[in-house]
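Q: Taken in order, these protein sequences are the chains called A and B.
Take 1 as the starting number for the first sequence in the numbering used here and just add one per residue.
Take 1001 as the starting number for the second sequence in the numbering used here and just add one per residue.
Since the hints were made in silico from the structure, they are not lab data.
The beta carbon of each residue, even a glycine, is placed where N, CA and C say it ideally should be.
Among these hints, one or two may not hold up.
[Said to hold, decoys possible] Straight-line Cα separation of at most 30 Å, DSSO-like style, residue types lysine-lysine; simulated pairs:
no.	chain 1	residue 1	chain 2	residue 2
1	A	Lys164	A	Lys119
2	B	Lys1388	A	Lys119
3	B	Lys1264	A	Lys164
4	A	Lys119	B	Lys1019
5	B	Lys1019	A	Lys114
6	B	Lys1034	A	Lys41
7	A	Lys119	A	Lys41
8	A	Lys179	B	Lys1388
9	A	Lys9	B	Lys1388
10	A	Lys175	B	Lys1353
11	A	Lys175	B	Lys1388
12	B	Lys1034	A	Lys180
13	B	Lys1326	B	Lys1016
14	B	Lys1388	B	Lys1019
15	B	Lys1264	A	Lys114
16	A	Lys9	A	Lys73
17	A	Lys41	B	Lys1104
18	A	Lys9	A	Lys41
19	B	Lys1388	B	Lys1169
20	B	Lys1264	A	Lys36
21	B	Lys1169	A	Lys114
22	A	Lys9	B	Lys1353
23	A	Lys114	A	Lys68
[Said to hold, decoys possible] Residues of chain B clear of chain A, computed beta-carbon distances all greater than 10 Å:
no.	residue
24	Val1039
25	Val1075
26	Lys1159
27	Glu1167
28	Asn1180
29	Lys1254
30	His1330
31	Leu1419
32	Arg1426
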Amino acid sequence: MTARERILKRLNTRQAQQRTTQLETYQPRKPEHQNKAELIKRFVSELELHQASVIQISQSQRKETLAKLAKEKALERWLLGYGEDFHASIANILSDFSNSVHVEHFDREIESLKDTLFKHIDVAITQVAAGIAETGTLVLTPSASEPRTLSLIPPIHIAIIQTKQLVPTLNDALKLVEKKYQSTLPTNVLFVSGPSKTADIQQTLAYGAHGPKELIVIIEDEGPSNS
Amino acid sequence: MSTEPTFSERSDAALKSAKLRHSFRGAMDFLRQKRRDAVADIDDLESLRAQGERIRADAVARLPELLEQLESNCVRNGINVHWAESGTDANTIISGIAIKHGAKLVIKGKSMASEEIHLNQHLESLGIETIESDMGEYIVQLDHETPSHIIMPAIHKSKEDIAELFENKLGIQCDAEDVNGMIAVGRQILREKFYQADIGISGVNFAIAETGTLCLVENEGNGRMSTTVPPVHIAIMGIEKVIPSLHDLAPLQKLLTRSATGQKITTYLNLISRPRQPEEKDGPEEVHLVILDNGRSHIHQDDALQETLSCIRCGACMNHCPVYTKIGGHAYGSTYPGPIGQVVMPQIEGMEKHGDLLEACSLNGACGEACPVNIELPRLIRTLRDRKQNSKGRLSTENGLWHAWSFTNQRPRLYRTLLRVLRLSRINRWMFPKAWTRSRMPPKPAKRSLHEIWQAQDKERGQKHDGT
């Protein structure tokens, strides 16, 4: 008998013991933030609590917003994904910035990009799959065109989210994932709720432990610009 | 004869250390307050706990079926699944993978299961450098210690301790007040390790059977680094960590993070389902899951103690335990300290080795109240204490005393006679063993027994005394 067989045999010696616990069907209280404006408000406040920076704009303001960020934080070396319209659009925007701005595309395997990724990138910019208002969380499903390490290794991560991508709770987000992928989930599904942090030194909060030190979330409204 | 200090000696030493007591007091107060704040926003906390309890109890009840489903889906996804009966087996499997890849450097995300099996020592003995990447674990490793808490490993260290440690071991001057600076030092050193590592090892918070997915929660990002950058990822998980479906994750995640660190959600929640796919640009080329038994299947067979396996390793029980708060994690001398440690350790490493931990309980019940999935820890502790007691043999002094007490209490006349004798003789300190008199006064019998007072009162009121 293999280890597997021995272990399973021991686990099968009991009839399924259902401890009679009162099955309480958990009904999460309907969150107050159901309409779009409330979702946005909650999302922003939660993210800010986690020390992420949040910028709310209309889609037409994307270029000037990125320009401002590039200038304020001296962001020269940018890393983007590759292959989708989004990437072409961003690359286009960035190419109009000063000559010192350099754009790298994650268009090849990490092995040939590792040094650059770890040492020569100031900021990475990604899209998201969804946003969770209740906890100020970005849902990312990294892919061939937007690899996982984009939102992990560079010291600053800029995420662009559309207001229509917001859902109220983690439950809702998981339902979305379940609906879209059934039981065949993507390689990696990531829930990001702020910049990296730790309280391991005498319970004192510090940011930028191993992941990005800064998370900047740009919320774009597809409609007319919101005040 | 063992020269290892006993649990009793270790707790004594811990109690005498004002510094340790101060560190733990501060840390426990902080964690308890955070949890209180975090659960305040849940209207129906009890309902959530009941659901968490049900999901865990159901998973434990259906463990073999869920594990087979998990394995099948992981394999379908391209994850290699290994079964390890003992810690030694797990170590052999893991080092086997490392050797096959000619690994020189292993970087670890946080895993209590790996501490349980002493994985680091095993890999180091084979000449494979093994570095902890969680800041707290890294600090503890630098100082050649083990974690003193399952969530905050360096909780027993002050800022000053850590600054001194960095200076002594890394040769880097640090200002104890500049926590950001010290974290930056850790970040820089460990970043280099992530870059170079041949293998990344992690634990698993929950594994989803239906989808073949490993779920990891963290704040620092070292878990993501360890499971994404190195070309090989090995995850080690206790058999009990499996849950049925993706939607079961929501209530459990809510309970885990609030209980562990008082957060609604951790910075990162990472769901890993497969290794790097052909068109993908990063991620490990190989992912391995080591399913660890190490005594858990025996616990499963024990009806009275099976509930032990519902544990989600949040640390709430130890944060609320008055004993743990005073003596800290190291005094327990075990991988898992606090109430869950008292229940798990005697079962997986034997009553002989860890039975004394069961004495570290004042039977106050706070652990059971704090447990987010309603594990009846007090009952489990009492059951184990009972078993330990019964295994002692009828002739032991303690058993003898209890029998004498029980004999006397069932014979009222004998009892009353003895009471009178006791009152007449004077109780002196010398009549009691040192273990009693070291911190207690000898008891003083009252002038009149309760029965006598009661009898007198009834007489006063003209009532018939019914003092049977």
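Q: Please go over all the hints and tell whether each is borne out by the structure.
A: These are the hints, each one checked on the structure:
{"no.": "1", "hint": "A:Lys164 with A:Lys119", "verdict": "35 Å, violated"}
{"no.": "2", "hint": "B:Lys1388 with A:Lys119", "verdict": "58 Å, violated"}
{"no.": "3", "hint": "B:Lys1264 with A:Lys164", "verdict": "23 Å, holds"}
{"no.": "4", "hint": "A:Lys119 with B:Lys1019", "verdict": "41 Å, violated"}
{"no.": "5", "hint": "B:Lys1019 with A:Lys114", "verdict": "44 Å, violated"}
{"no.": "6", "hint": "B:Lys1034 with A:Lys41", "verdict": "24 Å, holds"}
{"no.": "7", "hint": "A:Lys119 with A:Lys41", "verdict": "36 Å, violated"}
{"no.": "8", "hint": "A:Lys179 with B:Lys1388", "verdict": "51 Å, violated"}
{"no.": "9", "hint": "A:Lys9 with B:Lys1388", "verdict": "27 Å, holds"}
{"no.": "10", "hint": "A:Lys175 with B:Lys1353", "verdict": "46 Å, violated"}
{"no.": "11", "hint": "A:Lys175 with B:Lys1388", "verdict": "47 Å, violated"}
{"no.": "12", "hint": "B:Lys1034 with A:Lys180", "verdict": "36 Å, violated"}
{"no.": "13", "hint": "B:Lys1326 with B:Lys1016", "verdict": "10 Å, holds"}
{"no.": "14", "hint": "B:Lys1388 with B:Lys1019", "verdict": "34 Å, violated"}
{"no.": "15", "hint": "B:Lys1264 with A:Lys114", "verdict": "34 Å, violated"}
{"no.": "16", "hint": "A:Lys9 with A:Lys73", "verdict": "60 Å, violated"}
{"no.": "17", "hint": "A:Lys41 with B:Lys1104", "verdict": "49 Å, violated"}
{"no.": "18", "hint": "A:Lys9 with A:Lys41", "verdict": "53 Å, violated"}
{"no.": "19", "hint": "B:Lys1388 with B:Lys1169", "verdict": "43 Å, violated"}
{"no.": "20", "hint": "B:Lys1264 with A:Lys36", "verdict": "22 Å, holds"}
{"no.": "21", "hint": "B:Lys1169 with A:Lys114", "verdict": "29 Å, holds"}
{"no.": "22", "hint": "A:Lys9 with B:Lys1353", "verdict": "27 Å, holds"}
{"no.": "23", "hint": "A:Lys114 with A:Lys68", "verdict": "28 Å, holds"}
{"no.": "24", "hint": "Val1039", "verdict": "14 Å, holds"}
{"no.": "25", "hint": "Val1075", "verdict": "12 Å, holds"}
{"no.": "26", "hint": "Lys1159", "verdict": "5 Å, violated"}
{"no.": "27", "hint": "Glu1167", "verdict": "14 Å, holds"}
{"no.": "28", "hint": "Asn1180", "verdict": "5 Å, violated"}
{"no.": "29", "hint": "Lys1254", "verdict": "7 Å, violated"}
{"no.": "30", "hint": "His1330", "verdict": "17 Å, holds"}
{"no.": "31", "hint": "Leu1419", "verdict": "45 Å, holds"}
{"no.": "32", "hint": "Arg1426", "verdict": "52 Å, holds"}
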